[in-house]
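Following the hints, complete the assembly by docking chain L onto the known chain C.
Top line first, the protein sequences correspond to chains C and L.
Residue 1 is where the first sequence starts when you use UniProt numbering, and the numbers rise one by one after that.
Residue 1 is where the second sequence starts when you use UniProt numbering, and the numbers rise one by one after that.
Because the hints were derived from the structure by calculation, they are not lab data.
A hint or two may mislead.
One copy or two, either will do: identical chains are not told apart, so a pair holds if it fits within one copy or between any two.
Result set (SDA-like, lysine to any residue): computed pairs, CA atoms no more than 20 Å apart in a straight line [as the list claims (entries may be wrong)]: (1) K69 x G238; (2) K69 x T51; (3) K410 x A92; (4) K410 x E90; (5) K410 x L93; (6) K79 x F54; (7) K79 x T29; (8) K192 x S418; (9) K192 x S466; (10) K26 x L363; (11) K192 x V329; (12) K26 x S456; (13) K410 x E97; (14) K281 x S413.
Number of protein chains: 2
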Amino acid sequence: MQNQKQYFPMHTSSPLAEILRQRRQKLATLIDFPAVLWSGGSSPRNFPANTFPFRPSSHFLYFAGLPLKNAAIRLDGGKLQLFMDNPPPEDALWHGETPTCEEIAEKIGADDARPMAELEDYLENAATLPVQDAATWTQQTQFLNRWILPQNPPDGIDLELAKAIVSLRLTHDAGALAELRQAAAVSVQAHKAGMAATLTAKLEAEVRAAMEGVIIAHNMTTAYSSIVTVHGEVLHNGHYHHRLQPGDLLLADVGAETGTGWAADITRTWPVFGKFSPTQKDVYDIVLAAHDACIQEIAPGVEYSEIHLLAATILTKGLIELGILRGDVEKLVKIDAHSLFFPHGIGHLLGLDVHDMEDLGDLAGYEEGRNRSQRFGLSYLRLNRPLQPGMLVTIEPGFYQVPGIINNPKIRSQYQYSVNWERLEQFADVRGIRIEDDVLVTESGSEVLTAALPTSSQEIEALVNS
Amino acid sequence: MQNQKQYFPMHTSSPLAEILRQRRQKLATLIDFPAVLWSGGSSPRNFPANTFPFRPSSHFLYFAGLPLKNAAIRLDGGKLQLFMDNPPPEDALWHGETPTCEEIAEKIGADDARPMAELEDYLENAATLPVQDAATWTQQTQFLNRWILPQNPPDGIDLELAKAIVSLRLTHDAGALAELRQAAAVSVQAHKAGMAATLTAKLEAEVRAAMEGVIIAHNMTTAYSSIVTVHGEVLHNGHYHHRLQPGDLLLADVGAETGTGWAADITRTWPVFGKFSPTQKDVYDIVLAAHDACIQEIAPGVEYSEIHLLAATILTKGLIELGILRGDVEKLVKIDAHSLFFPHGIGHLLGLDVHDMEDLGDLAGYEEGRNRSQRFGLSYLRLNRPLQPGMLVTIEPGFYQVPGIINNPKIRSQYQYSVNWERLEQFADVRGIRIEDDVLVTESGSEVLTAALPTSSQEIEALVNS
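Isolated chain C, as found in the complex (with noise of 0.2 Å):
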């Protein structure tokens, strides 16, 4: 009985269930026709029985709370029916007690609670978004009769239900607040911890070990897939085999995740013998003073496209002092000279999901009627829209040897007056440098959630060294 009661985290029931009733009645004014949304269901790993760990579908967990396995949700009209089974007695014996359905709908505040079999009653002119997983998204084609597959762009009705939902998550309420300065709060951590493991470290695996850790010792899990490493220049690096050599900067992109989905998305970069080089300081005092730019600009109002510019302005800038590139600040930029170390864009919005919405392509990142330019520095780019108060956004400039961009014969032609590429071979032990923060759009500017993780190389190399 100790463990039904203490089966979800953290909630207590009331606050959780009208927190789901004001976005419900929010959803109520956009939208005139009935939403179902899925839950979905475990993946397989290596064989069914062993399964990955359950994520829940964001756009249900937002209306729903909890995270409910092989359940469904209905809204309309500012009502929440709950569609779940209640597991077969047996199953207490493999997996405890459970609550049940209807207890599950009394705490996040559904009208009624029903066997998922009777949702087939409920369907009629209702649209729905597709979950990841394959038996779930056959099961809401075979339901609905009609394809509901996560590769194809939600259309119709579905369309609209997907604006609707993106318009609601783009700023975010109270509850979700709490819960993203949960899973921020708990990534400061695991970095300081990363840091200060690192000294002692042979391998980035075990400062990732050290990282990770205090994410599970926070019952949280990773928001995606930790980036730590040595060769911070492979941007999606996903490998932690290499050891700690002399010089080497250690890059570490690591998020939190709560136990109700909610997201973080940090990186710092560190030396991993505890003092940065001159040649690496001076690269990050650059990308540092992107970082800082970008957030003091950050305001209801500004074009996110702007934010990013900014950042591309200052790089180019630094760099032009470091004699890396040459010319003229506006007209480097134009030509996209700093996307040459800076190939990403400057951020994206961050929730449920740590790219937010992006099952949804573009729709939350671009404003309508906006779509991805073919520019190379701006092709990248996530989010182009205006801010406004509570979206969540990330800060994330950086500098990169791309050994297929700066090796690159025609780029190397293309740019052979823009960038000194002797002076730059002066920079080889800066491979990859990244400052990744999670700003908060208010009234009045913006607000750091994840500020308590400092930023300076001097404090950076305290924490290494502490």
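Below, chain L alone, put in the same frame as chain C:
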């Protein structure tokens, strides 16, 4: 370039190629048609680009040796062909330089390497086995033009292939054993770290973090979802939020998996405050006696079901001595009285899967012609074969007070004379105990791969207090 050379863990090319050559030559003696095995792809977590860690199909890993994503191999008459696409050049920006298909082919000793699309020309009369991820079984189905679904038992030549692979994977070669020993050694360290972290931990999650931290630090993954719980009576407990309370026993079932997929599976149970109570020690010693006796009995030719019944007998005998069970040992075992407290099987096969080859149902676990018993005390037995040298099995007796069993009125009345229910109440602080080791069947008997982790209550207490 450094990255490229070190891309795959731990293997130098030639020993791996030789191991794989021997495996496929054995396969060639068992089937006279080609086999095509897909590796699979990443499964999406909450949106397509945020995936779970990639885990290839175990059958693929057995013959391909490396965790290649979206690849397939064709085995025919001892020849090995590798089908996979080289990543597009722009991929290097995000994922770094990766070995080419041709380089991998050389490493694993493949006879040739071709793009995936060419596989369609090599599928005549080919057998296969389904992988777990939907994108890949969809491709299998399309390429072979017949349904290949993880939930469908193999049939026809696929069944012949499955049986041939079972006969190979049932016993482990030197290459497999080297990996299995590594997984065991790291898992032993993880358990020691968990014990050492318990006295200062407040939550189950903190002990889990200490244990999984060791596994992550060794650049391995957990082979299955860890169980780290003070509610060991919930057999598949996936929660870690309980506080450690005076008098609690912590049951930890945690195992590592090497980079090429080989697993360990260890359970220990320890007192969270460093000392077993007299009642806990009494029951612990009974479970340990069963554990030791079973391992003692393991030898070629011995029926694994006899090992299970030996555990049942020793547990029953011990529980009679404690006054919990009443009556004659043999008669109590015959009416499954032990199953009230030990409702699962004594163990299972272990290899690339923690329940090895369970994707094939009972094809691996059960000798041809044998089926699961309907008897409560035997129905959960996952392995029913005579043991052979080279088999790796778990031995995992336990004692649990599962509320769903011991509070069930029907069961209480059925066993009213066999159980001294009043005496049982004096053992309320023994909710769940399991002791699990990984035991290799050798020519002369057995070898415990996880023997470096103590089992005696005194040694366990010493590790917790260390």
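Taking the hints in turn, this is what the structure says about them:
Taking CA atoms no more than 20 Å apart as the test, K69 paired with G238 passes between copies only; the shortest distance there is 13 Å, against 28 Å inside one copy. In this assembly of identical chains, K69 and T51 lie within 20 Å of each other by CA distance both inside one copy and across copies; the values are 13 Å within and 18 Å between. In this assembly of identical chains, K410 and A92 lie within 20 Å of each other by CA distance solely across copies; the values are 16 Å between and 64 Å within a copy. Taking CA atoms no more than 20 Å apart as the test, K410 paired with E90 passes between copies only; the shortest distance there is 14 Å, against 66 Å inside one copy.
For a Cα distance limit of 20 Å, the shortest separation of K410 from L93 across copies, 15 Å, qualifies, whereas the shortest one inside one copy, 64 Å, does not. With identical chains, the CA atoms of K79 and F54 are never at most 20 Å apart, being 27 Å at best within one copy and 39 Å at best between copies. For a Cα distance limit of 20 Å, the shortest separation of K79 from T29 inside one copy, 12 Å, qualifies, whereas the shortest one across copies, 64 Å, does not. Neither within a single protomer nor between protomers do K192 and S418 lie at most 20 Å apart by alpha-carbon distance, with minima of 38 Å and 57 Å respectively.
Proximity of K192 to S466 under the C-alpha cut-off of 20 Å is restricted to the intra-copy arrangement: shortest distance 10 Å within a copy versus 26 Å between copies. Proximity of K26 and L363 under a CA criterion of 20 Å is satisfied intra-copy only: 19 Å inside one chain copy versus 54 Å between copies. In this homomeric assembly, K192 and V329 never come within 20 Å of each other (Cα to Cα): the closest approach is 36 Å inside a single copy and 57 Å across copies. Taking the shortest alpha-carbon separations for K26 and S456, neither the intra-copy value of 42 Å nor the inter-copy value of 60 Å comes in at or below 20 Å.
Within a single copy, K410 and E97 get their C-alpha atoms only as close as 64 Å, which misses the 20 Å cut-off; across copies the closest is 18 Å, which meets it. Taking the shortest Cα distances, K281 and S413 never come within 20 Å of each other, neither inside one copy (29 Å) nor across copies (76 Å).
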